[in-house]
Amino acid sequence: MPVIVGGIIPEDDARRLREMGVARVYTPKDFELNTIMMDIVTLVDPQAVAAE
1 MPVIVGGIIP EDDARRLREM GVARVYTPKD FELNTIMMDI VTLVDPQAVA
51 AE
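Its first residue numbered 1, the sequence shown is counted upward by one per residue in my numbering.
Calculated directly from the structure, the hints in this document are not laboratory data. Built from N, CA and C at the ideal position, the CB exists for glycine as well. Some hints could be false.
What follows is a set of in silico ranges between Cβ atoms, one per label pair, in the way DEER data are often shown [claimed, not checked]:
| id | residue 1 | residue 2 | range |
| --- | --- | --- | --- |
| 1 | 13 | 35 | 13 to 23 Å |
| 2 | 42 | 17 | 11 to 21 Å |
| 3 | 8 | 47 | 29 to 39 Å |
Given only the sequences and the hints, what does the whole structure look like? Please build it.
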């Protein structure tokens with residue numbers, strides 16, 4: 001199960017989270033909602049995106 005986190009996360013912490021296996025780390029600079037939603041769909045069901 002992919003782990004996704006978001007919030008005000010310093011870059012050093014985000015890097016460490018990714019090293020620990022977190023699939024995606026979103027911060028306030030990641031404000032494009034459509035991109036975030038597509039990332040999540042891709043993580044949950046990669047075949048759904050490939051079918052488009």
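How the hints compare with the structure:
One distance hint, 13 to 23 Å for the beta-carbon pair residue 13 and residue 35, holds here, with the actual separation near 22 Å. For residue 42 paired with residue 17, a C-beta distance near 19 Å keeps the hint of 11 to 21 Å intact. Judged by the Cβ atoms, the range 29 to 39 Å given for residue 8 and residue 47 holds: they are separated by roughly 34 Å.
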